[in-house]
Amino acid sequence: MIKVNTGTSSDGSRSRSQIIALFIALIVFIVLLFANFAYLNTQASYDKQYIGHAGELRVLSQRIAKNATEAAAGKAAAFKLLSDARNDFAQRWGYLKKGDPATGLPPAPAVVRPQMRAVQLDWERLLKNTDAILSSEQTVLSLHQVAATLAETVPQLQVEYEKVVEILLQRGAPATQVAMAQRQSLLAERILGAVNTVLAGDENAQQAADVFGRDAARFGQVLNGMLQGNPALKVSQVEDRDARARLTEIAELFQFVSGSVDEILETSPQLFKVRESAGNIFNLSQTLLEEASHLANGFENLVGGRSTDTIGGYVLGLLALTSIILIGLVMVRETNRQLRETAEKNERNQNAIMRLLDEIEDLADGDLTVTASVTEDFTGTIADSINYSVDQLRDLVATINLTAGQVAAAVQETQATAMHLAQASEHQAQQISEASASINDMAQSIDQVSANAAESSAVAERSVEIANKGNEVVHNTIHGMDNIREQIQDTAKRIKRLGESSQEIGDIVSLIDDIADQTNILALNAAIQASMAGDAGRGFAVVADEVQRLAERSSAATRQIETLVRAIQTDTNEAVISMEQTTTEVVRGARLAQDAGVALEEIEGVSKTLAALIQSISNAAQQQTSSAGQISLTMNVIQQITTQTSSGSTATAESIGNLAKMASQLRRSVSGFTLPAVPERGTDKT
1247 MIKVNTGTSS DGSRSRSQII ALFIALIVFI VLLFANFAYL NTQASYDKQY IGHAGELRVL
1307 SQRIAKNATE AAAGKAAAFK LLSDARNDFA QRWGYLKKGD PATGLPPAPA VVRPQMRAVQ
1367 LDWERLLKNT DAILSSEQTV LSLHQVAATL AETVPQLQVE YEKVVEILLQ RGAPATQVAM
1427 AQRQSLLAER ILGAVNTVLA GDENAQQAAD VFGRDAARFG QVLNGMLQGN PALKVSQVED
1487 RDARARLTEI AELFQFVSGS VDEILETSPQ LFKVRESAGN IFNLSQTLLE EASHLANGFE
1547 NLVGGRSTDT IGGYVLGLLA LTSIILIGLV MVRETNRQLR ETAEKNERNQ NAIMRLLDEI
1607 EDLADGDLTV TASVTEDFTG TIADSINYSV DQLRDLVATI NLTAGQVAAA VQETQATAMH
1667 LAQASEHQAQ QISEASASIN DMAQSIDQVS ANAAESSAVA ERSVEIANKG NEVVHNTIHG
1727 MDNIREQIQD TAKRIKRLGE SSQEIGDIVS LIDDIADQTN ILALNAAIQA SMAGDAGRGF
1787 AVVADEVQRL AERSSAATRQ IETLVRAIQT DTNEAVISME QTTTEVVRGA RLAQDAGVAL
1847 EEIEGVSKTL AALIQSISNA AQQQTSSAGQ ISLTMNVIQQ ITTQTSSGST ATAESIGNLA
1907 KMASQLRRSV SGFTLPAVPE RGTDKT
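Basically the working numbering = 1-based index in the sequence shown + 1246.
These are computed hints drawn from the structure, not numbers from a lab.
Possibly wrong hints are sitting among the right ones.
Keeping only pairs whose Cα atoms sit at most 27 Å apart, straight-line, the calculated BS3-like set for lysine-lysine is [said to hold, decoys possible]: (1) K1344 - K1374; (2) K1294 - K1343; (3) K1312 - K1519; (4) K1343 - K1374; (5) K1343 - K1409; (6) K1480 - K1374; (7) K1480 - K1326; (8) K1854 - K1715; (9) K1321 - K1480; (10) K1374 - K1409; (11) K1409 - K1480; (12) K1739 - K1715; (13) K1343 - K1312; (14) K1326 - K1374; (15) K1326 - K1312; (16) K1312 - K1374.
With the hints as constraints, model all of the structure from the sequences given.
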């Protein structure tokens, strides 16, 4: 048996060693495989960047040529584009030569060094010409700006000279002056053509620059001669005022042309160099395009040369797969060995289990005297546990028998107590029902009192409202009487003033009466004087008679007015006395109304107090009603609890009876167990 175990252990150890070795080999192959794939992926990324940079170099070479041509033609934006293209080309070329630290790109491999040397030579010459153009940016732009201004100025000179020619012809100027003016217009056109030729930069540019200088100088000399005269050039001074005014304007326009001559002559050689550099760049760009294409092809050939590395990856993958297969075979062999060991162990365990089952077979029939044999097999622990459980079960059965007897005795006493409690609960429920009925009657009486108190409170509140309205009416009456008193007093004052006014009217009437008397006397005197005058005073006598009659009528009217004024004064005095009496009565009535108002206020106060007391009684009655209702509810709850208690007591008595039955059943259920004799148990325990 020991030899078998030793062989099995050595076989298992050898299998585990083989599995570990195969796992290590598998890990190594997988690491190498991933390293190979990572290397290939990195190289593919580098190849992609190399090809991308080479392709951009081809595009940039043509862009540089295009921008150089446009820059030489005087386009300001082309210089910026040319500089950007040059810098971009230099940057990408630097990535290919020295690598890109930002992306981790290494310098181009040595395989493409020949193509790179060819590109380097063309790039150096292209860079030199590009820098020459960029360094002349200000000169080129300035010269083209001057040329643009000349292109605007020279046509104006021609137009002005044509006007001068028309004026000279109209004024009958000498033919030499007219011819000279016409020649100036043609000379201006030739100056503009020479400038355009200089800007074109072709093979005639240098000759055109010389022609421009001579023509500009000749134009200025003739212009000054026409203004001031120049015998050396046989140019006579123009005398016509209008023509001289036009020549003065031409001289002002020509100042820019004469000032630009030196600048054009000085900068034209540099412009020629720029044009030459642009031509060189165009030619070099074609060569550089071809060399960059060869370089791109070289980088693309690198991709095809990495097939060996790919085959190495496949070999490593195959080795890893082989390791996995070997690991599977070893694990299958180890599993079969473990299955054989498990089968042998299960057979031994099966025999031990059958032996244990034979020993405890009588335990199923309730024989607690059984004892299982404890062996070294795995069933030994089970047998020990069974023996312990049998001992505990013996004690439990004995305890159940003892407890069942005690429970039966206690159940009988408890059942009697529960029945007595149920009877007491029923009696208590009857008493509570009667008390609840009395409380309900009391609650109904309190509800009636509360309703009567609420109705009395409403009546008291209406009394308060009526007293309040009466008080308001009294106050309004007092206010109305005060207004009447004030109006009567005001009317009395007005009547008094009327009496005083009538007195003044009487005085005025007396004055009118006196005037009428005096007028009557004067009329009499006038009549006497008229009668003394005879016929001469006859007309005056008629007037005097008329005046006398008017005086008599006025006297009669004044007496009537005096009578009316006296009557008015008498009525006014009586009215004043009546008003004073009325005022006294109004004041007395106001006092009485005020006293009535005070009485109504007292009635209102008493009514409010009464309403508050009745409301308090109503609130107290409502509170008593609520309390009575709550008490009634509480009594109902108590009655329900008592009823439940009675039912529970009855149910408890029944449950106790059932418990007695269960105790009897429990004793019968454990009666089937066979216990050892008491002395034997005592001997075992000791």
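Verification of the supplied hints:
1. A C-alpha spacing of about 21 Å is found between K1344 and K1374, which places the hinted pair at or below 27 Å, so the restraint holds.
2. A distance of roughly 16 Å separates the Cα atoms of K1294 and K1343; the hinted pair therefore holds under the 27 Å criterion.
3. Simply put, K1312 and K1519 have alpha-carbon atoms about 17 Å apart, close enough for the 27 Å limit, and the pair holds.
4. For a cut-off of 27 Å, the pair hint linking K1343 to K1374 stands: about 19 Å separates their Cα positions.
5. Among the hinted pairs, K1343 with K1409 is inconsistent with the structure: their alpha-carbon atoms are about 68 Å apart, more than 27 Å.
6. Restraint check for K1480 and K1374: the C-alpha separation of about 53 Å exceeds 27 Å, so the hint is violated.
7. Restraint check: the Cα-Cα separation between K1480 and K1326 comes to about 52 Å, which exceeds 27 Å; the hinted pair is violated.
8. For the hint linking K1854 to K1715, the alpha-carbon distance of about 14 Å falls within 27 Å, and the restraint holds.
9. In summary, the hint linking K1321 to K1480 is not supported, as the alpha carbons are separated by about 44 Å, beyond the 27 Å threshold.
10. Distance check on the hinted pair: K1374 and K1409 sit about 52 Å apart at the alpha-carbon level, beyond 27 Å; violated.
11. For the given pair, K1409 sits about 22 Å from K1480 by alpha-carbon distance, which is consistent with the 27 Å threshold.
12. About 36 Å separates the Cα atoms of K1739 and K1715, which puts this hinted pair outside 27 Å; it is violated.
13. Distance check on the hinted pair: K1343 and K1312 sit about 26 Å apart at the alpha-carbon level, within 27 Å; holds.
14. A distance of roughly 17 Å separates the Cα atoms of K1326 and K1374; the hinted pair therefore holds under the 27 Å criterion.
15. For the hint linking K1326 to K1312, the alpha-carbon distance of about 12 Å falls within 27 Å, and the restraint holds.
16. Between the alpha carbons of K1312 and K1374 the distance comes to roughly 16 Å, so the proposed pair stays at or under 27 Å and holds.
Violated hints, in rising order: 5, 6, 7, 9, 10 and 12; the structure is consistent with all others.
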